[in-house]
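Q: Each chain is listed here by its residues.
Number of protein chains: 2
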Amino acid sequence: MDLYKLNRRKSLKQIGLGSAAILSGLPTMACAADDSQRKSLGVALVGLGNYATNAIAPAFASIQHCHLAGIVTGTPAKAEKWKKDFNLPEKNIYNYETFGQIADNEDIDIIYVVLPNALHAEYSIKAAEAGKHVICEKPMAMNAEECRQMIAACKKAGVKLSVGYRLHFEKHHQEAMRLGQEEVFGKVRFMEGGLGFRVRNTQLWRLDAKLGGGGAIMDLGVYPLQAARYITGEEPISVTAQGYNTAPDIYKDIYESINFQLEFPSGALANISTSYGYYLDRFRAASERGWFELNPAFNGTGTNGVSSEGKMEFEKVVQQARQMDDFSICIQEDKESRVSGKEGLKDLIIVDKIKESIESGRKIALL
Amino acid sequence: MDLYKLNRRKSLKQIGLGSAAILSGLPTMACAADDSQRKSLGVALVGLGNYATNAIAPAFASIQHCHLAGIVTGTPAKAEKWKKDFNLPEKNIYNYETFGQIADNEDIDIIYVVLPNALHAEYSIKAAEAGKHVICEKPMAMNAEECRQMIAACKKAGVKLSVGYRLHFEKHHQEAMRLGQEEVFGKVRFMEGGLGFRVRNTQLWRLDAKLGGGGAIMDLGVYPLQAARYITGEEPISVTAQGYNTAPDIYKDIYESINFQLEFPSGALANISTSYGYYLDRFRAASERGWFELNPAFNGTGTNGVSSEGKMEFEKVVQQARQMDDFSICIQEDKESRVSGKEGLKDLIIVDKIKESIESGRKIALL
Chain A
1 MDLYKLNRRK SLKQIGLGSA AILSGLPTMA CAADDSQRKS LGVALVGLGN
51 YATNAIAPAF ASIQHCHLAG IVTGTPAKAE KWKKDFNLPE KNIYNYETFG
101 QIADNEDIDI IYVVLPNALH AEYSIKAAEA GKHVICEKPM AMNAEECRQM
151 IAACKKAGVK LSVGYRLHFE KHHQEAMRLG QEEVFGKVRF MEGGLGFRVR
201 NTQLWRLDAK LGGGGAIMDL GVYPLQAARY ITGEEPISVT AQGYNTAPDI
251 YKDIYESINF QLEFPSGALA NISTSYGYYL DRFRAASERG WFELNPAFNG
301 TGTNGVSSEG KMEFEKVVQQ ARQMDDFSIC IQEDKESRVS GKEGLKDLII
351 VDKIKESIES GRKIALL
Chain B
1001 MDLYKLNRRK SLKQIGLGSA AILSGLPTMA CAADDSQRKS LGVALVGLGN
1051 YATNAIAPAF ASIQHCHLAG IVTGTPAKAE KWKKDFNLPE KNIYNYETFG
1101 QIADNEDIDI IYVVLPNALH AEYSIKAAEA GKHVICEKPM AMNAEECRQM
1151 IAACKKAGVK LSVGYRLHFE KHHQEAMRLG QEEVFGKVRF MEGGLGFRVR
1201 NTQLWRLDAK LGGGGAIMDL GVYPLQAARY ITGEEPISVT AQGYNTAPDI
1251 YKDIYESINF QLEFPSGALA NISTSYGYYL DRFRAASERG WFELNPAFNG
1301 TGTNGVSSEG KMEFEKVVQQ ARQMDDFSIC IQEDKESRVS GKEGLKDLII
1351 VDKIKESIES GRKIALL
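Those protein sequence lines, which keep their order, are chains A and B.
Going by this note's numbering, the letters in the first sequence line up with residues 1 to 367, in that order.
Going by this note's numbering, the letters in the second sequence line up with residues 1001 to 1367, in that order.
Hints may contain errors.
[What the hints assert, rightly or not] Here are the simulated DSS-like pairs of lysine-lysine, each with C-alpha atoms no more than 25 Å apart in a straight line: (1) A/Lys-252 <-> B/Lys-1311; (2) B/Lys-1252 <-> A/Lys-311; (3) B/Lys-1210 <-> A/Lys-342; (4) A/Lys-171 <-> A/Lys-155; (5) A/Lys-187 <-> B/Lys-1083; (6) B/Lys-1311 <-> A/Lys-363; (7) B/Lys-1210 <-> B/Lys-1346; (8) A/Lys-316 <-> A/Lys-171.
[Said to hold, decoys possible] One-sided and incomplete, this derived list gives chain A residues near chain B with beta-carbon spacing under 8 Å: (9) Arg-38; (10) Ser-40; (11) Val-199; (12) Gln-242; (13) Pro-265; (14) Gly-267; (15) Ser-273; (16) Ser-275; (17) Tyr-278; (18) Tyr-279; (19) Gly-361; (20) Ala-365.
Everything labelled a hint here was simulated from the structure, so no lab data went into it.
The structure displayed is predicted, hence computed values, not measured ones.
We treat Cβ as the ideally placed atom computed from N, Cα and C, and that holds for glycine.
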């Protein structure tokens, strides 16, 4: 397995795409490499639930630098259907007992973990140990400590780690980053909004604290938390949060709704809400001399944007496709993903403190 | 003075417009009275600052049941200008030394207090003691205790008390009340928004805690607080709040920005922001099966509204004119104003608790 990893990594470098090659002074096409010189990397999806089936699988139709090469599923019927639909060879179909054998499969370069949150760390670490690069769906893990373990495992294995923060590849969000970080309307002073959907199906793992990690704040809250961070380009210095539950028979060990407030070093504030009890999907930033808003902001079907200067006009992109393409390029150019594990860790540190603030009723300093 | 009050009140009842007449079984036109049978009541404005000059004075052009009958000002040049502009008799021009004499002026039925917040209670009580009905601008007073004193003084004097909550007379806000209270889209689950403007002129009394009572939360925050209460038709059961200040040289003894969260008995939540540091002027309610939003929501130049069923189409009204007309009718029909002192008291109770929550860092129960 070590030998395989070495060989595969070496082969990438040999075609001039690794930073080691650049640093060594050897001729390289890394930065100038056009798409035709890039390898299409093989992706194995782990967990064939709703998001894998309806968001990631269709994205492969629009991908340039990756392809669906394998699957890991515990459901034989799903294995059969995907094998047929995507013309996958039998040898690239795994279940959770055979998962370890994926290390020996040269068709698989990237393992994309789309499992319930409680399994993100375990399978991301297993993937790294199998010598595969890792994309892990958001939230990256159940807590910051798991994120650190995942980062350490990937570092040790010499593989790259990315979090499924698809909105970094969405053009309205990229414009919001520009308007905020470049202070196009002056400094951002205030952000409000959030993400909520009415989710009351107690059969869903998302509603189970042991599998989901805490309901809406894990599943949905990381989106507006991300937005507040990437619009300001800053890390918050304090957080306060409040948890509410109107239906404890449904939301048994999670909060139905969480509001949280962030304070940034520049003085920017955010007042954010996330819920399984109500619909909310927008995010607005008020800057010194203008404002901008994403509405709808976060759901997968499409973002719109408007600012104090008018409607944003951007094409819709297949976010998951652009994200996988970007990760493939990062791997081949030996660059860190813009949505690396460190980015996921930063969010989980804050989420941990949000939970702490709810329980203590106190403002928590983030250092 | 007591005799005057008695006579004036009696005279209204004698023309069949008092509830006492209804209760006595005498013939009355109280409820059926058409406008032609109502008296136009005389209003004296106390404090001729920006709001009196630019919002209330122009409203008299659209008023049916009141008229500007007098003024109270400490600035002789203003007295001269208003006297001329509004053709006021010299005897109806008062300053703060002669204010008490207003009791003897039969031209004045209503005293409208438009002074800095710290003077609301004092002059509302003086107005009541002079036997005049009172409209007091928002916030009703510096704190709940002052509100109680004002209510008691008006009760003792047998005069009516109203707070300048002009948006109760604005059609988009009335529609929001209907959509919320009548559960047109099901129960309201969440509200977000607020009111903020960039206010950095340290010469303004609004920035002085001793005169304004606490900056934006007093001046602006009562609007979204009101909205959360009148959209749900409920009183909150808890409040949490956070105060922030990025410019302590400007906001010396007030918070620049306050975020506060309300929890209602039905489970509805509100996440509200108010600030002198940034622009924000919208309010959104998410109900079980739809949503509605006022945007802009609170500023005096006009409200727009949209819901999950489309744009609200309502005519713009002169809110201050409709409010004064309504108060005149309430006085003549001996009905309590929909924006009575009790309504102002309810808000100040919550504002007091918002301040307490900021200082303690705790959720405060509202009983």
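Q: For every hint, state whether the structure bears it out.
A: Here is how each hint holds up against the structure:
This hinted pair does not check out: A/Lys-252 and B/Lys-1311 have alpha carbons roughly 38 Å apart, beyond 25 Å. The suggested pairing of B/Lys-1252 with A/Lys-311 is violated, with an alpha-carbon distance near 38 Å, which exceeds 25 Å. Taken as a hint, the B/Lys-1210 and A/Lys-342 pair is broken in the structure, with Cα atoms around 48 Å apart against an allowance of 25 Å. With a C-alpha separation of about 31 Å, the suggested pairing of A/Lys-171 with A/Lys-155 is violated against the 25 Å cut-off.
Between the alpha carbons of A/Lys-187 and B/Lys-1083 the distance comes to roughly 46 Å, so the proposed pair goes past 25 Å and is violated. Annotation: proposed proximity of B/Lys-1311 to A/Lys-363 is violated, straight-line Cα distance about 39 Å (limit 25 Å). For the hint pairing B/Lys-1210 with B/Lys-1346, the CA-to-CA distance comes to about 22 Å; that is within 25 Å, so the pair holds. Taking the CA atoms of A/Lys-316 and A/Lys-171, the gap is about 7 Å. The hint holds against a cut of 25 Å.
A least Cβ separation of about 44 Å between A/Arg-38 and chain B goes past the 8 Å threshold, and the interface hint is therefore violated. Of the supplied interface hints, the one on A/Ser-40 is violated, with its beta-carbon coming no nearer than about 43 Å to a beta-carbon of chain B, more than 8 Å. Here the hint on A/Val-199 is broken, as its CB sits about 13 Å from the closest CB of chain B, past 8 Å. Interface restraint check for A/Gln-242: the shortest CB-CB distance to chain B comes to about 5 Å, inside 8 Å, so the restraint holds.
The beta carbon of A/Pro-265 is not positioned within 8 Å of any beta carbon in chain B (closest approach about 10 Å), and the interface hint is therefore violated. The closest approach between the C-beta of A/Gly-267 and any C-beta of chain B is roughly 3 Å, which is under the 8 Å cut-off, so the hint is satisfied. With a least beta-carbon distance of about 5 Å to chain B, the hint placing A/Ser-273 at the interface is held under the 8 Å criterion. Taking 8 Å as the C-beta cut-off, the interface hint given for A/Ser-275 holds, the closest approach to chain B being about 7 Å.
Hint on A/Tyr-278 holds. Least Cβ distance to chain B is approximately 4 Å, under the 8 Å limit. The criterion of a C-beta within 8 Å of any C-beta in chain B is met by A/Tyr-279, whose closest approach is roughly 5 Å, and the hint holds. Proximity of A/Gly-361 to chain B holds as hinted, the smallest CB-CB distance being about 5 Å (cut-off 8 Å). With 8 Å as the threshold, the beta carbon of A/Ala-365 stays out of range of chain B, its nearest partner Cβ sitting at about 12 Å, so the hint is violated.
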